[in-house]
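**Q** Sequence:
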Amino acid sequence: DLRESDWVEQQGYCVTTLVRTLLDLANSRQMSDELLEQAVQEGRRRGMLTRQHINNLPENEAGRLLRKFYDKI
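All residue numbers for the sequence shown refer to my numbering, where the first residue is 673 and numbers rise by one.
If you're looking for bench data, these hints aren't it; they were derived computationally from the structure. Hints are supplied without guarantee of correctness; some may be wrong.
[What the hints assert, rightly or not] Result set (DMTMM-like, lysine to aspartate or glutamate): computed pairs, CA atoms no more than 20 angstroms apart in a straight line:
1. LYS740 to GLU706
2. LYS744 to GLU733
3. LYS744 to GLU706
4. LYS744 to GLU714
5. LYS740 to GLU709
From just these sequences and the hints, can you work out the full model?
**A** Next up, the structure:
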């Protein structure tokens, strides 16, 4: 189930936000940590993933993993 804040409309399609997508990938563990870290760093570099997004992540394993990757420089 998606909350309204978990998706956006782009070019007539509804897609999940970057944060929601990264959380889903971190929860499913179907992507290597290396690729997930790359995605987090690229989102940060492009300004699509901000400190506010990171601060609002849930306090679970997926949230901690994404925080770790975000803070890694």
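**Q** So, for every hint listed, does it hold in this structure?
**A** Verification of the hints:
no.: 1; hint: LYS740 to GLU706; verdict: holds (12 angstroms)
no.: 2; hint: LYS744 to GLU733; verdict: holds (17 angstroms)
no.: 3; hint: LYS744 to GLU706; verdict: holds (12 angstroms)
no.: 4; hint: LYS744 to GLU714; verdict: holds (12 angstroms)
no.: 5; hint: LYS740 to GLU709; verdict: holds (9 angstroms)
In this structure, none of the earlier numbered hints is contradicted; all agree with it.
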